Amino acid sequence: MENATVKNRPMRMKISGPRRAFLILNTTFLILFALLCLAPFLNLLATSLSSDEAVNAGKVGLIPVGFTANAYKVLVTKIAFFRAFGMSVLRVVLGTAVSVGVITLGAYPLSKGNDAFRGRMFYTVLFIITMFFSGGLVPTYIVITKLGLSDNILALILPTAMNAWNMVLLINFFRQIPKDLTEAATLDGAGHYRILFQIVLPVSLPALATVILFTGVQHWNNWFDGLIYMSPDNFPLQTYIYNMINEANILRQQLVTNPGDAALLAQIPTKTLESAQIFIAILPVIPLYPFAQKFFIKGLVLGSVKE
Amino acid sequence: MEEIIISPETEETAGNAETEEVVENAETEETAPLLEERPEGQSPKRKKANFKEQLVLHSMLLPGVVLVVIFMIVPMIGLVMAFEKYNVVQGFFGSPWVGFRHFSNLFNRPDFWQATRNTFIIAFWKIVFTSTLSILLALLINEINLHLIKKTVQTVLFLPYFLSWALLGNIMVDLFSYSGAINYFLEMLGIDPVYFITSNRWFRIIIVGTDVWKTIGYQIVVFLAAITNIDPALYEAAKIDGANHTQLVLHITLPGIMSMVVLMSILNIGNIMNAGFDQILVMYNPSVYETGDILDTMAYRIGLLQVGQYSVGTAIGFFKSVISAAFFSVSYFIAYKTKGYKIF
Numbered sequence: 119m120e121n122a123t124v125k126n127r128p129m130r131m132k133i134s135g136p137r138r139a140f141l142i143l144n145t146t147f148l149i150l151f152a153l154l155c156l157a158p159f160l161n162l163l164a165t166s167l168s169s170d171e172a173v174n175a176g177k178v179g180l181i182p183v184g185f186t187a188n189a190y191k192v193l194v195t196k197i198a199f200f201r202a203f204g205m206s207v208l209r210v211v212l213g214t215a216v217s218v219g220v221i222t223l224g225a226y227p228l229s230k231g232n233d234a235f236r237g238r239m240f241y242t243v244l245f246i247i248t249m250f251f252s253g254g255l256v257p258t259y260i261v262i263t264k265l266g267l268s269d270n271i272l273a274l275i276l277p278t279a280m281n282a283w284n285m286v287l288l289i290n291f292f293r294q295i296p297k298d299l300t301e302a303a304t305l306d307g308a309g310h311y312r313i314l315f316q317i318v319l320p321v322s323l324p325a326l327a328t329v330i331l332f333t334g335v336q337h338w339n340n341w342f343d344g345l346i347y348m349s350p351d352n353f354p355l356q357t358y359i360y361n362m363i364n365e366a367n368i369l370r371q372q373l374v375t376n377p378g379d380a381a382l383l384a385q386i387p388t389k390t391l392e393s394a395q396i397f398i399a400i401l402p403v404i405p406l407y408p409f410a411q412k413f414f415i416k417g418l419v420l421g422s423v424k425e
Numbered sequence: 109m110e111e112i113i114i115s116p117e118t119e120e121t122a123g124n125a126e127t128e129e130v131v132e133n134a135e136t137e138e139t140a141p142l143l144e145e146r147p148e149g150q151s152p153k154r155k156k157a158n159f160k161e162q163l164v165l166h167s168m169l170l171p172g173v174v175l176v177v178i179f180m181i182v183p184m185i186g187l188v189m190a191f192e193k194y195n196v197v198q199g200f201f202g203s204p205w206v207g208f209r210h211f212s213n214l215f216n217r218p219d220f221w222q223a224t225r226n227t228f229i230i231a232f233w234k235i236v237f238t239s240t241l242s243i244l245l246a247l248l249i250n251e252i253n254l255h256l257i258k259k260t261v262q263t264v265l266f267l268p269y270f271l272s273w274a275l276l277g278n279i280m281v282d283l284f285s286y287s288g289a290i291n292y293f294l295e296m297l298g299i300d301p302v303y304f305i306t307s308n309r310w311f312r313i314i315i316v317g318t319d320v321w322k323t324i325g326y327q328i329v330v331f332l333a334a335i336t337n338i339d340p341a342l343y344e345a346a347k348i349d350g351a352n353h354t355q356l357v358l359h360i361t362l363p364g365i366m367s368m369v370v371l372m373s374i375l376n377i378g379n380i381m382n383a384g385f386d387q388i389l390v391m392y393n394p395s396v397y398e399t400g401d402i403l404d405t406m407a408y409r410i411g412l413l414q415v416g417q418y419s420v421g422t423a424i425g426f427f428k429s430v431i432s433a434a435f436f437s438v439s440y441f442i443a444y445k446t447k448g449y450k451i452f
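The listed protein sequences derive, respectively, from chains A and B.
One gets my numbering by counting positions in the first sequence from 1 and adding 118 to each.
One gets my numbering by counting positions in the second sequence from 1 and adding 108 to each.
Hints listed in this document are in silico derivations from the structure and should not be mistaken for laboratory results.
Among the hints, erroneous ones may be present.
[To be verified] Calculated lysine-lysine pairs in the BS3-like style (CA-CA distance at most 25 Å, straight line):
id : chain 1 : residue 1 : chain 2 : residue 2
1  : A       : Lys297    : B       : Lys450
2  : A       : Lys177    : A       : Lys191
3  : A       : Lys264    : B       : Lys193
4  : B       : Lys347    : B       : Lys258
5  : A       : Lys230    : B       : Lys447
6  : A       : Lys230    : A       : Lys297
7  : B       : Lys160    : A       : Lys297
8  : B       : Lys450    : A       : Lys230
9  : A       : Lys412    : B       : Lys258
[What the hints assert, rightly or not] Stretches of chain A that chain B covers, calculated by requiring three or more beta carbons in the stretch to come under 8 Å of a beta carbon on chain B:
id : segment
10 : 340-348
11 : 356-369
12 : 390-400
A quick note: this is a predicted structure, and the numbers were derived from the prediction, not measured.
Note that the Cβ used here is the ideal one computed from N, Cα and C, for glycine as well.
Next up, chain B with everything else stripped away, as it sits in the complex (with noise of 0.2 Å):
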C-alpha cells in the first residue's frame, strides 16, 4: 500500500498543529517490506557493539528531545496554574489552589460563550469555503490549454500563501476601510460607503473572505498535484470509448482526487478550534468582539494584556487544547480507520 503524504506548512507551535494533509492513489498492492528481525544467540561482544550504536541513535534525538520538554512539556504541566490563584514568585506549584473557580467564572461570562461560538463559526466557514473553491478552481485551472497563462494564475493565487497576516491584515483593514479602496470603487459604483472593519454584520465576512484569499494558492497547489498523478492511460481509455470533456472531469479527475478531498476534509475537522489567531488580532477592534472574538485572542488580551490574570487566561487556553485534542483525536482517528492515514 502506497501513500503520498502533503503536509502543508506547519504552525509556528506544534501544538497548534495544522493539518497534515494527504493521500492519493492505491495502484500497486504492495506489501510494506517486513524489518529485518536481529539474529538470536548473539555473541556477547555483538551485543556491545550494537548497545553502543542504540546509544549513538538516542544522542541524535537528545537535542529535540530537550527542546521539547522544556518549550511543550513543562508548559504542559504549568497548565496546573488554570486551577491555582498563580503569582510570580510562588510559581507553579506554591501558588494557593482555588479549584475550578476560574472555569465556572468564565462559564458564567456570556463573552467566554460568545467567544467560543465565534471560534467554531469563523473556523467552519474557513474550511467550508477554502475546500470547495480550491477544488473547483483547481478543475478550472487544470482546463487552461495554455501553459504559461495557467502557470502565471497559479503563482498569482499563490503569492499571499507566504506572506505574514502582520503584513496582509493591514493591508486588508486599509483596503476595507471607511477612506479605503474598496469603498472608492462602491462610490464609483453610486453606492454609499460602508464601516466594514467596525460593523458586525461584515466582519466575519471579511475574515473567512481574507483568510480564503491567503491559503487557496496553496490547496490549489496540492489538488492540482493530485490531478497530474491521475493515470493518463485512463483518459485515453475512456476518449476511445467515446467520453466527452465533461464526462471525463466528471467520472476521472473528480473520482481521482476524491479520496484525497474526502481525507482533507476529515483532517480539518481537527483544526475546527483554530480560527486564526495572528489574522483576528491584526484586523479587529473593540467594535467586533461580539462576532470576531474568539478563544485564542480572549485568553491574549485577559491572560497577557491584563495585569495579574495569568490563571484565568490559561484556564481559556485549557479549555480551548482540550476540545482542541478531541476533535484532532477523533478526525486522525477517523482518517487513520477509513485511510490508512499515519502521522509517523
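Isolated chain A (complex conformation) (with noise of 0.2 Å):
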C-alpha cells in the first residue's frame, strides 16, 4: 500500500483529463459497491430498532421505521441468550488456546530437516493425510459420542485442535529464524522446550498472532458442532442463533395451518428481537479487523516465506 501511495504522489500534479475522470469514476463506482456490501448489516440493524409492525409488513429498508429499543429491552432479559454468549466465550479461551499449545509443540520439531529430526517423514505423512482425506460426519460423530463427550466442551475443543494448516504456517514461520539464535542457545546447554519457549516463540509473534485469531474467530464462528454435541442448555451463541430461528420459522409454518393460535404466537420471536440478537453476536468480532488486517498481511505473507 505504501507503494502506491508513494507512486501516486508526484504523479498527482499532472494527472490527465481522462485519467481524472477514470478516478473519480473509478472511486465512485468503489464506493457504491462497498455500500451496497453493507447494506444487509444496515438493514439487520434497522430491523432489530424498528417496531414489529413495520418489520411484519416487510416495510424496512436501511433506516429504522417506527424507531423503537424495545428488542434490545427483552433482549437483556433473556437469561438464555447471556448464558449462550458465555459459553461461546469459554470456547473461544480453552479451544484456542488448547489448539495453539498443540500446534506450536507440533510445529518446533517439524521445522527441523530430516536429518535433525529423524521421525518428521512419519508425522508429516501422517498430517498430509488428514488435509487430504476424512472420515466424514458420521463416523467423527459416532467416535465423539463413543468416547462419551456429547453435552461436554471438550467435543468442541479437543476434535478441531490439531488444524495441519495453522501447524504449517507456524512450520514455515520456524523455520526462517535464523539458525545461529538457536544454535548459540544450544550450546549453551537449552534444551528443546526452552528453545522453543524463550528464543523461538518470542520472535514469532506476528505468526502466533495470526494463528490465535485464526483460531479464536473459528471457535467463536462454529456452531454446527456446538448443533450435534451439546444440549440445547448448553448451545453456545451461534448455535443458539441457528437454533432459535430454527425453530422459530418451523412454529411459524404450524402457524400458518393454525392461523389464529394465540399459545403458538407467544412461542414465536419476534423478527426485530431475532434481529436483535445476531446483531449483538456481531459485535464481539468486529474489534479484531484492524489487527486482522495487519497480521494478516504481515503473519501470512512475510510469516510464511519458504526457503
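From the two separate chains plus the hints, produce the assembled complex.
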C-alpha cells in the first residue's frame, strides 16, 4: 500500500483529463459497491430498531421505521442468550489455548530438517493424510459420542485442536528464524523446550498472533458442532441463534396451518428480537478487523516465506 | 528459490481443508541452504545424548498425534460402516457386513445424483465468480489514490469474512424473504415480489452470490498484498519508456500477480466438492432440495437426522471424501509440478 501512495503522490500534479475522469468514476463505483456490501448489515440494524408492525409488513429498508429499542430491552432480560454468550467465550478461550498449544509444540520439531529430526517423515505423512481425506460426518460423530463427550465442552475443543493447516503456517515461520539464534542456545546447554519457549516463540509473535486470531474466530463462529454434540442448555451463541431461528420458522409454519393460535404466537420470537440477537453476536468480532488486516499481511505473507 | 505462501482461514475439520494459497516472485534464485550432515563416527556418549534429544522432539508431537489418531484416523477406519448394517451395540467391527449394498442403493436414487450435481455446480460457480471478481476488484481498488477511501473500501468488503453462516445465512434469508428488504426495494421499483428462498430458479444464484459476498474481501486482501510485492522499479522503468497507465496495469501489475492467480486456481480445483455445508444448511429448505441439496447436507439429513441410517449417511460421506481426495491430490500435484508448491 505504501508503494502505491508513494507512486501516486508525485504524479498528482499532472493527472490527465481522461485519467482524472477514470479515477473519479472508479472511486465512486467502489464506494457504491462497498455500500451495497454493507447494506445487509444496515438492514439488520434497522430491523432490530424498528417496530414489529413495520417489520412484519416488510416496510424496513436501510433506516428504522417506527424507531424503538424495545428488542434490545427484551434481549437484556433473556438469560438463555447470555448463557450462550458465556459458553462461546469459554470455548474461544479454552479452545484457542489448547489448539495453539498443540500446534506450537508440534510445529517446532517439524520445522527441523529430516536429518536433525529423524521421525519427521512419518509425522508429515500422518498429518498430510488428514488434510487430504476425512472419515466424514457420521463416523466422526460416532467416535465422539462413544468417547462419552456428548454435551461436554471437550467435544467442541479437542476434535479441531490439531489443525494441520495452521501448523504449516507456524512451521514455515519457524524455519526462517536464523539458525544462529537456536544454535547459540544449544551450545549454552538449552534443551528443545527452552529453545522453543524462550527463543523461537518470542520472535514468532506475528505468526502466532495470526494463528491465535484464526483459531479464536473459528471457535467463535463454529456452530454445527454445538448443534450435534451439545444439549440446548449448553449451546454456544451461534448454535443458539441458529436453533432459535430454526425453531421459530417451524412454529411460523405451524401458524400458517392454524392461524390465530395465540399460544403458538406467544412462543415465536419477533423478527426484531432475532435481528437484535444476530447484531449483538456480530459485535465481538468487529474490533478484530484492524488487527486482522495488519497481521494477515505481516503474519501470512512474510510469515510463510519458504526457503 | 523463494516463495511466499498465504494460507486462508482453515475449515474446522482438517479433512475439509480449504485451499492453501500461494506464491509469488522468484526474484532471487537461491539454492536452499543444505542441511548439515551429522558427522560420522560419533562417540557412544554423543549418540546417547542425541537419542535423548530425538526423544524430546518426539514428545513434542505426542499431543498432536494423539488428537489426530482419535479424532481423524479412527473415524477413517470407521468408514467400514459404509459396508455394514451398522448398529450402535455391535460397533464398527461387530455389525453385519452388507458389502456394497448401500452404495448400489444410493446409485439408484435420483436425489443422490441430484445432490452430486448440485455440489459440483455450486462449488464451480463459487470458484469462478470469487476468483474473477476479486482480481478485478483488487485491480480497481489499487487504482484509488486516496489512502483513507482505499482502506475503508477494503475493510468494508472484508467485513463478512469473519462472521459465521449461522448469522449471515439468517440475515440473507430474511433479506430475500417474501416480506424482506429486497422485495421492498423491488416493490418500490414497481416489480412484483419474488419468492426467492423457495424458488429453484433463484436458490443457486443466491447461494453463489452470498458466498462471493462473504469471501471476496479475503481474496482481495491477498491479491492486493501480491500487487504491493511487485518491484516498484519495474513501474519506474516502464514510465521512463513512456508507458501509460493502462499499459502499466496490463503489462506489469497483471503479469505480476498472474503466477499467484494460476496457482490459486489450481488449488481451488481441490475444493470442488466443498460447496459450503454450513451455508446451505442454514439457507435451504425442502422446496429447493432439487437445486440446493449437496452431498454434505444429504449425508447429514440421512445419517444423523433419520434414525438407524448411520451407514447410508456414511456411504454418502465416503463417496464424497474419495472424489474430493482425488481432486485434491491432482490439484496439489499439478501445483507442485508447475509452481514448486509444497504443503510442508
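Hint-by-hint comparison with the structure:
1. Lys297/A to Lys450/B: 22 Å, holds
2. Lys177/A to Lys191/A: 22 Å, holds
3. Lys264/A to Lys193/B: 18 Å, holds
4. Lys347/B to Lys258/B: 24 Å, holds
5. Lys230/A to Lys447/B: Holds. Lys230/A to Lys447/B sits at ~23 Å (cutoff 25 Å).
6. Lys230/A to Lys297/A: 10 Å, holds
7. Lys160/B to Lys297/A: 21 Å, holds
8. Lys450/B to Lys230/A: Judged against 25 Å, a Cα distance of about 16 Å means the pair holds.
9. Lys412/A to Lys258/B: 15 Å, holds
10. 340-348: Coverage by chain B holds here, the residue count being 5 at a Cβ distance below 8 Å.
11. 356-369: The restraint on the segment 356-369 of chain A holds, since 5 of its residues have a Cβ under 8 Å from chain B and three suffice.
12. 390-400: holds (count 5)
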